[in-house]
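Quick note, the sequences are listed as chains A and B, same order.
Here the first sequence stands for residues 1 to 792, numbered as in the working numbering.
Here the second sequence stands for residues 1001 to 1248, numbered as in the working numbering.
If you're looking for bench data, these hints aren't it; they were derived computationally from the structure.
Misleading hints may appear alongside valid ones.
Unchecked claim - One side of the interface only, derived from the structure: several residues of chain B facing chain A at Cβ under 8 Å:
1. GLU1135
2. ASP1137
3. SER1221
4. GLU1224
As the list claims (entries may be wrong) - Result set (SDA-like, lysine to any residue): computed pairs, CA atoms no more than 25 Å apart in a straight line:
5. A:LYS462 with A:LYS144
6. B:LYS1088 with A:SER557
7. A:LYS144 with B:GLU1135
8. B:LYS1088 with A:SER152
9. A:LYS133 with B:GLU1134
Remember, it's a predicted structure, so these values are computed and weren't measured experimentally.
In this text, a Cβ means the ideal position worked out from N, Cα and C, and glycines have one as well.
Listed below are the residues making up each chain.
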Amino acid sequence: MKGPAPFPLRWGLIALLGVLLLAAGWTVSRVAFDDSLESMIPEGGALRSSLRLLNAAQISGKVIVWVQRDPRQTPDDVFFQSLDNFAQSLSSPLISRVITAQNMFPSKEDLGFFMTSAPQLLRPADYEIVERKLTDESISNALKNIRREMLSPQSLVSAEIFRRDPLGVRAMALKPLERLGEALGYQIAIQGGHFTSEDGSSAMIVLETPAAIMDHARSQALLDFLNERMRALPSGMKAGVICGHLHTLSNQAVIKRDIGVAGFMSAGALLVLFFLLFRDLRAALIFAIPPACILPALAFVTLLGFTPALIVIGLTGLIAGIAVDYGIHAFLAVAHRLEREAPMAAIRRIRAPLLTSAATTIAAFLAFMFSSAPGYRQLGLLAAATLILALALSLWLLPLLLGERRIKTAALAPNVFGWTAKKGPLVLVIFTVFFLAALLLASRVTVESDFSRLDGTAPAIKQYEDDFFRQWGAGMKDMGIFAVWAPQLEDALAANDLAYAHMTDRGLSNAWQSWSAVWPSQAIRKNNAKRWTEFWSARQEPLRDAFRRLGAAQGFSETAFDPFMNSIFEGAEAGPAPQGRRFFDQLAAPYVRSNEYGHMALSYFPETPPVQAALQNMPELPASSAVVSRSKLRELFASGMTREIRRLAFLGLLGIALAAGAILRNLRALLLLAITAAGAIAGALALLALTGQRLNASGMMALVLVIGLTLDYAVFKIEALLGRQPFLEQGILLSWLTTMAGALPLLAAHHPALFSFGLTLSGGLACGFFIALWVLEPAARALGLGKEKAHA
Amino acid sequence: MSQSLIDPAAPPESTGLRRRLHSRVRKDAAFWLISRRLMVLLIFTGLSVPSFSDGASDNTDLSRALAAWQENLRQVTSVSSRFVQEKKMALFRDTLRMEGRMTADHAGHFAWEVFSPMRYKLLVNGDQISQWDEETDRVQVLSRGKNPVVGAIYEQMSAWLSGSFTTLTNTYNARLLGSNPIAIEFSPLESSAMRSYIHTIVLRLRDDAQYLSRIEIVDASGDETSISFLDTQLNPVIDPAFWTRVRP
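All chains, full assembly: derive it from the sequences and hints.
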């Protein structure tokens, strides 16, 4: 195209782009964003399956309201009455159940159920204790205890219990229930019908909600409702909430805030660049390219079935920083075109380096497409689509819109380029020293294996949770989970019994919290019941006689213990697990559940060496089983992410090398590219070491990008060295400045994933840029690449 | 007795001794006792279930009687009374009769002493509950928070003895049996777990309506308990050391 673009073509293209943007905007506006970090975890691996198992096993959807009081202002009666009123005020479709100590307690029938089931629940070892209770001396002492107990106020209600179980034999079935609570590590007291801290200064109310943790709208409505109710508490009392919903909303708020702040800072920096370096209003078109590309690319990603992850959206500022580079180069090419040269002709002269640069960057992003983490694939696709569109708009639409009129640009500090040419050996020595130092520092960087550190929840919320767990105990928070599952509940329970027996054989029954201790499988209960029947068949009448004989001496009536003696064989038939027993179900909930795995039995354990050793020797179980623990998750995460990033780095580098090699077709040029990339990575890692940061999943992703972006600078520098387009060096500076305008604001991000990305990227880009700017020329000369310049 | 009479600096039992006693009690406590404690705890869970009864509010005479009693109790900051407790129980051949003294104050202290047929004392001092009996001569020191059964019992006794109508009307239906002297019968609400254990409780006031004269309890199994209060002293000065000594 030699003349200016025909008027209808220009406006036709603009109209087409407008329609495309509207359609893309409409598509994106209908999408619900995913603000979890789960999309950054590789699918199909042990890590993902462990996390899936953990999700299936964890009690989610519960909300804890922690109410604290100033004892000087709020005496006990006011405190407990206010708690009652507060619990009553929590009537909402968003709250399905309010759990206080009052309604968590078993009824007489609930306890009666366990005591009645004692024949099925007492194990062989328990009969040694029972046998000791049956001597005359023990019976006599028990009767004395009962008589003495009648002196105390609690005798008002305990007499009937003594009649039904004078020796506490059936009550032995309740012992595992007590242990269950004790070993979980919570420090809870019960006062005034409420769960309270041991010092009574605070109370806890647990809520069940149908609002899913990931459901933002309902999570927000739930928290608004609770906040309103908590504000109504009397002065001298304050309340807060502990729940996953807060994490969801906080992460979302933090990411949104970061996107806003980073976007504002990036826009500000780009505006400053615009006013300082471009003296032509048409330069605004350059900055219109990224948003005009990102929106359709996002719509494209969405149409392919991805749910856009907010963490990926947070990186669009950076993608914009890359996408704007092509426009800058095209703009400069048009600005520096020869006299009477058409804009399109000027563009044709930079097409090769621009394509090389875009190909290397896109290749780096496309490597993400081979990731097994959907978030990485999404990022790769979004970035590649954006860059392809940006390249197309820069090469074909921008020149049309710029028109024929000459463009004036500011001089771009020409002194920064080329000064190293005369001091080549010195520069190379300095570079080598810095490179080696960076490598040394980089070797000290460790990989962050704790995925939870990428949780961007506000520090105040985390601190509040820490305070909560400090007061109430960690509970099951830090315990490992052993899960067995099978299509049939009894099969899962049978496997659970075997695991429990394995642990009790090793003296670990107190550490190993298992439902098997409370309610074993039907097969075990049948055996237990048979043992009970055999035991009592021979002892029933002698015991009746003993009660009469020894009781008479202490004033007990002849029929005092008939309720016990006449129902001695009650409960000696083992049926299936009870249905619809509220207390039973409440107790079982953390230990037995039905989910996508079928029926799952869970045991909890502290990660101590003896338990770990016993786990290693766990016998083969007749059901599927898995161990999920923090240490194992860390291990899986570290190894999984390292493996993933190695694969991506290899594929990325391969793609970049192929793309660059195909276009440059010069081995020495490829070597220069490798020097740039290696220097940039070493620099980025050295910065992490110097700032005391670990390399996390987000930083690893940034490293791959560093390679793609810094190779752009190298490609343009090599093109400039080869004498093809000297003004390309100006493009490198502008492109670096605009990319840094996108990366540096991420250092103000509160979300650790975004911050880490920004830090790693900024460090890598800074090193890559300075290598391209100052090291490549002497290095090229040393490699003899300068000779080609003469031929060029 | 006002709160100022309680000397916060009064020497408690030494921490070491308490710990040893506590440890010993924990070690010696019979297995069945622990489980029974769990059971009794659960019995009391319905005591403060906040379901409101219309019974009291609909009955003007009852409301007036309760209001009068509460007004009288407002002047009472401490109380000490001899009691005679009689229990007619299926467990025993004969009526079990015991005599003792009950002492309480508004600072949260409560003592239940039995002098015959055997000496026994229960002492509630803030979060700490101590029990002693002469037969074993052992002191059990328990935390009210950690042993909610005893805490719940204390709360319930406290409601009866101090006329805590919120607790009572939240848990029971109330009926005025007589107004001179005042006698009120409480029966657990249908929603209350107490219904499984208590049939009725009758609180009888003295002629001057200043305090209780008698409590009569019929439990769900038909056992009957009556507690008669004699020589009741209102607002006596109580030696602060009294609340720290469980062993006579």
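Practice problem: Would you mind confirming whether the straight-line C-alpha gap from B:LYS1088 to A:SER557 stays at or under 25 Å? | Solution: The given pair, whose Cα atoms are some 11 Å apart, holds under the 25 Å limit.
Quiz item: If you take the shortest Cβ to Cβ gap from B:ASP1137 to chain A, is it below 8 Å?
Solution: violated (12 Å)
Exercise. Take a quick look at whether A:LYS144 and B:GLU1135 sit within 25 Å of each other, Cα to Cα.
Key: holds (9 Å)
Quiz item: Are the Cα positions of A:LYS133 and B:GLU1134 separated by 25 Å at most?
Solution: holds (24 Å)
Quiz item: Holds or violated: is there a CB of chain A closer than 8 Å to the CB of B:GLU1224?
Solution: violated (11 Å)
Quiz item: For the pair supplied as a hint, B:LYS1088 and A:SER152, is the alpha-carbon distance within the 25 Å limit?
Solution: Given that 25 Å is the threshold and the Cα spacing comes to 15 Å, the pair holds.
Quiz item: Taking 8 Å as the limit, does the beta-carbon of B:SER1221 come near enough to a beta-carbon in chain A?
Solution: Where the cut-off is 8 Å and the nearest Cβ of chain A is about 5 Å from B:SER1221, the hint holds.
Quiz prompt | Interface restraint verdict for B:GLU1135 against chain A (beta-carbon cut-off 8 Å) | solution = holds (6 Å)
Quiz prompt | Agreement of A:LYS462 and A:LYS144 with the hint, judged by alpha carbon distance not exceeding 25 Å | solution = Not satisfied, since the Cα-Cα distance of roughly 54 Å exceeds 25 Å.
Consistency with the previously given hints fails for numbers 2, 4, 5, ordered from lowest to highest.
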